[in-house]
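A.B. asks: Residue-level listing of the chains:
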Amino acid sequence: MTAGSPLPEPGAPLGHYVSTKPFDARSIEQLTPAQEKVYLASQWRLSWWKFKRHKVAVVCGVFLLAVYVSILICEFLAPFALDTRHKRYIFAPPQSIHLFHDGKFVGPFIYGVKLKVNLENMQRLYPTDTRKIYPIKFFCKGDKYKFWGLFKADRHLFCAQRKAPMFLLGTDRLGRDVLSRIIYGARISMTVGLIGVALSFSLGIVIGGIAGYYGGLTDMVVQRMIEVLQSLPAIPLWLALAAIMPVTWSPITIYFAITLILGLLDWTGLARAVRSKLLALREEDYVTAAQLMGAKTSRIIGRHLVPGFMSHLIATATISIPTMILGETALSFLGLGLRPPITSWGVLLAEAQNINVVALYPWLMLPVVPVILVILAYNFLGDGLRDAADPYK
Amino acid sequence: MRKFVRAIAWLSVAWAICVQASWAGELIETPSLEADVGAGKLPAIAERLPEVPRVINLKELGREPGRHGGEIRMLMGKQKDIRMMTVYGYARFVTYNDKFELVPDIVESFDVEESRIFTFRLRKGHKWSDGHPFTTADIKYAWEYVITEPELSGGSLPAKLLVEGEPPKFEVLDEQTVRFTWHAANPDFLPALAAPRPIFLAKPAHYLKQFHKHYQDPAKLEALIAEASAKNWRGLHIRMARQYRPENPELPTLDPWRNTTKPPSERFVFARNPYFHRVDENGRQLPYADQIVMSMGSTGLIPAKAGAGETDLQARYIRFDNFTFLKEAEKQGKIKVKLWRTGKGSQMALMPNLNVEDPVWRDLIRDVRFRRALSLAIDREEINDVVYLGLAQPSADTVLSESPLFKEEFQQAWSQFDPDKANELLDEIGLTERNDDEIRLMPNGEPLNLIVENAGESTEQSDLLELIADHLAQVGVRMIPRASQRDVMRKRVFSGKTVMSVWSGMDNAVVTPDMSPFEISPSAEDQLNWPRWGQYYQTDGKKGEKPEIAEVEKLAALAKSWRAAATAEERTKIWHEMLSIYTDQVFSIGTVNGTRQPVVFSNKLKNVPDEGIFSFSPGAYFGAYMMDTFWFAGD
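Going down the list, the protein sequences come from chains A and L.
Position in the first sequence counted from 1, then plus 1222, gives you the numbering used here.
Position in the second sequence counted from 1, then plus 89, gives you the numbering used here.
Same shape as in the complex, but just chain A (with noise of 0.2 angstroms):
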């Protein structure tokens, strides 16, 4: 070190400038407010816009919002009670709405039946009377309700008369309106399976997460149980688990065990999933600068390893609500699933398979159709949500 050198001597406070200005990041390069508010636009909000893009994805967003607000309030959306029966309209076939009787305006109308049977083969027929018109009222009353297991109510958002009550989408063996049963259907379809999603998904993420941050010994561990948990065949476990539920459980808390138990086995390729992508990201640059930092292990992991696989998570649990359906509308197939008197899609289905529901009443497979419409609601929300939760790309 030579005299002179602009540096103190060892061991001295070394010399600084600060500027007193007030600090401006941008002033090499000038933001216009419009440029401002996409640059410096938070992370979720810059989600939401891309998001906003995907036409599709918004659509299906708020379908599924509208089936989740739904199931809050389907007492009144349904036209009737769930197991109300109409002994002369079993096996009633849909009817239509009609606007225009006579060539003149009516307004929504339906036009009345009536029960006949042929006793050559015991059908039940039921011959349109075009002379009976019945309007159809909304904000009706009809069957008594308990909203929410609190207040007493009777109004339905509409109906046709008392005496000629309108089936929209037929009727079933007793009876019973198929559209209700369709709107009271969802309440358990499109929530049990959320259970065993949340549930494999916490797993899937915490051990994924410590196998693959920690690596070594720990993910050896991990990864060997993970492969022994895979190689169990599915049906026959589930035949088995059918087996062990005591007897005196009601059908819908076996349908919990079984769907938290499917919970329990399906974390293992999420977990996967997030060893690889953590194993990755654990070597990046600001990792290390949060370890020297001193940040914890649940931090790092959680504040700024997940959020860099995000989309991976949100496209992996939009694929696993769908299947989490279908798996209700499986095992409710293989006997393991609900029962009647619970009411489900897959409850519907199951009933409905037989030959006389596809040569005589074909109307009953209609639970098919809000299945298929949540399943590819679900796919194409994911798809937006995916793109969306990486803004920067």
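No wet-lab data here; the hints were simulated from the structure.
Values in this document were obtained by computation on a predicted structure and should not be read as measured data.
One thing to keep in mind: the hints can contain errors.
Computed list of lysine to aspartate or glutamate pairs in EDC-like fashion (alpha-carbon distance at most 16 angstroms, straight line) [what the hints assert, rightly or not]:
| # | chain 1 | residue 1 | chain 2 | residue 2 |
| --- | --- | --- | --- | --- |
| 1 | A | K1309 | L | D474 |
| 2 | L | K416 | A | E1342 |
| 3 | A | K1354 | A | D1324 |
| 4 | A | K1368 | L | D525 |
| 5 | L | K351 | L | E336 |
| 6 | A | K1338 | L | D552 |
| 7 | A | K1368 | L | D526 |
| 8 | A | K1374 | L | D525 |
| 9 | A | K1309 | L | D200 |
| 10 | L | K425 | A | E1342 |
| 11 | A | K1309 | L | D559 |
| 12 | A | K1366 | A | D1351 |
| 13 | L | K229 | L | D187 |
| 14 | L | K302 | L | E238 |
| 15 | A | K1309 | L | D525 |
| 16 | L | K425 | L | D699 |
| 17 | L | K298 | L | E203 |
| 18 | L | K420 | A | E1342 |
| 19 | L | K693 | L | E419 |
| 20 | L | K213 | L | D263 |
| 21 | L | K649 | L | D603 |
| 22 | A | K1374 | L | D526 |
| 23 | L | K167 | L | E355 |
| 24 | L | K427 | L | D200 |
| 25 | L | K213 | L | E264 |
| 26 | A | K1366 | L | E527 |
| 27 | L | K167 | L | E471 |
| 28 | L | K427 | A | E1342 |
| 29 | A | K1309 | L | E470 |
Go by the hints and put chain L onto chain A.
C.D. replies: Frame of chain A, contents of chain L only:
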């Protein structure tokens, strides 16, 4: 002279044939057996038939005599359904005919003295399906070495062979005659022989002796046991001698068709028994059909397959509500479908478990007012309309109008829809308190949640239960149907954990006074309304519990006196009294009976009656209508 001699010779041949077959007409060889007969593998028709075959005069029965050939295809669910072949084939010592009268079948004649001495005469020249003569030696073997053999029978005889705990005296009078003698009347004996699942009094001794330790050399027996990988000779013999479920293709049989397929299999072929003892009026040996093919598969698909013409005779696994679909399929010209009446006392009955463990429930269930109230609260007309299109008959669980024992008062007993009266009865018991949901409270303060267990096998049952649950809710009883499994349910009922279960009503509701009233008296531990009391009478008081309701005891006493009754009038009187007690006390809660069973058959298959009673007991489903007389008309 020569001509004369020849004529004499012909005459004597004809005479010989006549004597041998006691058959005036000419016997017609079965076409499918001609090759074997020609090759000498099989004796000719005259030697195969007994001297006195059972002649079925189809014209007199209002049916058409047919011709040989063809195979009848049937669809079944599980492998063990091959037992249906023994039921449908229905060759028994004595059988019920289509009017449900007992007639001799395998035996040429039978003679009953004082309802306690039974003499059977076998048909001379009758042969097992392998051609070995069937004689009293086979009955002797069955009786002495199987039925009463302690190791094979487990030390006890079937209850129907015992009178006051005593077995009969068995005598072989000659090669064709046997006699069973009890010290007192045993009216259960002949019905037990004619039952769809009978007591088999004849076993092919010549075949089975090789598996029996009294006959077989121990070393050889050891080898056979090892070969069959059985546990011991007992297991081996039981397996080889199974007659109800004909799993052993080598076991000779007297049935119209014999199994030729060794399980496990998905397809069982039953070939004609060339030595079967029935002929039609034209001299054609029965059965007409050469073989029966049973295919196992998913029962849910059976209605669809039946509609597509994949079966030639089917009623099992087809429900009333399939009728419309089948009727549509009929238009394609492959099948015909007819509606028969079912022969059960009730299509579905609620069985209150009088032996339930819970003391509060026990008091309720044993209170006749409670059972009557439940019965009155059920709207049977609605059930009939909704599920059976009004074709069934609302009724208590009792005999059908086809039965000579039928009385309208039995049918109507507490089976009217009268919710007011039901409410009144429930109030009278003291169930007046109700909770917020309008459900009555039990004496211990719990809501009246009536859990009804069912085997969970049919959607028909769950539909009915749903309707009934609604009806009961109107009188403040919440019924909760709970599906479980057949065996689990039975165990739970027996151990007293189940309050109420679901089963069909009386199995045999077209009873005659000569049939045993065991179904409406405590007689067996598998009775769902009083399992322990049933066990008490089944084991002669060794196990189970003595009934604590006077009426149940009365039923048991009446059933006992029925066995001792000598005349038909006495039996009718006893039956009427029992039916009256049973329906008045509502020991089972019936719904509707006389429901319809679709019977699907190929439109080429002749002689299937358009109308009939489809019941397991009596009648053996198609058995009483003699499936061996069903034949295929030309293409």
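A.B. asks: Is A:K1366 close enough to A:D1351, meaning Cα to Cα at most 16 angstroms?
C.D. replies: violated (29 angstroms)
A.B. asks: Between L:K298 and L:E203, does the CA-CA distance stay at or below 16 angstroms?
C.D. replies: Outside the cut-off at roughly 35 angstroms; violated.
A.B. asks: Can you confirm whether the C-alpha distance between A:K1309 and L:D525 stays at or below 16 angstroms?
C.D. replies: violated (28 angstroms)
A.B. asks: Hint check: L:K167 vs L:E471, CA-CA at most 16 angstroms. Holds or violated?
C.D. replies: Given pair L:K167, L:E471 is violated - Cα atoms ~34 angstroms apart, limit 16 angstroms.
A.B. asks: Does L:E264 sit within 16 angstroms of L:K213, going by the straight-line distance between their CA atoms?
C.D. replies: holds (9 angstroms)
A.B. asks: Check the hint pairing L:K425 with L:D699 against an upper bound of 16 angstroms on the C-alpha distance.
C.D. replies: holds (10 angstroms)
A.B. asks: Does L:D474 sit within 16 angstroms of A:K1309, going by the straight-line distance between their CA atoms?
C.D. replies: The hint holds at about 8 angstroms.
A.B. asks: Please verify whether L:K351 and L:E336 have alpha carbons no more than 16 angstroms apart.
C.D. replies: holds (6 angstroms)
A.B. asks: Within 16 angstroms, alpha carbon to alpha carbon, are A:K1309 and L:E470?
C.D. replies: holds (11 angstroms)
A.B. asks: Please verify whether L:K302 and L:E238 have alpha carbons no more than 16 angstroms apart.
C.D. replies: holds (11 angstroms)
A.B. asks: Are A:K1368 and L:D525 close enough, with their CA atoms no more than 16 angstroms apart?
C.D. replies: Holds, at about 13 angstroms.
A.B. asks: Checking one constraint from the list: CA of L:K229 to CA of L:D187, max 16 angstroms. Satisfied?
C.D. replies: violated (31 angstroms)
Comparing the model with each numbered hint stated earlier shows that hints 6, 9, 12, 13, 15, 17, 24 and 27 do not hold.
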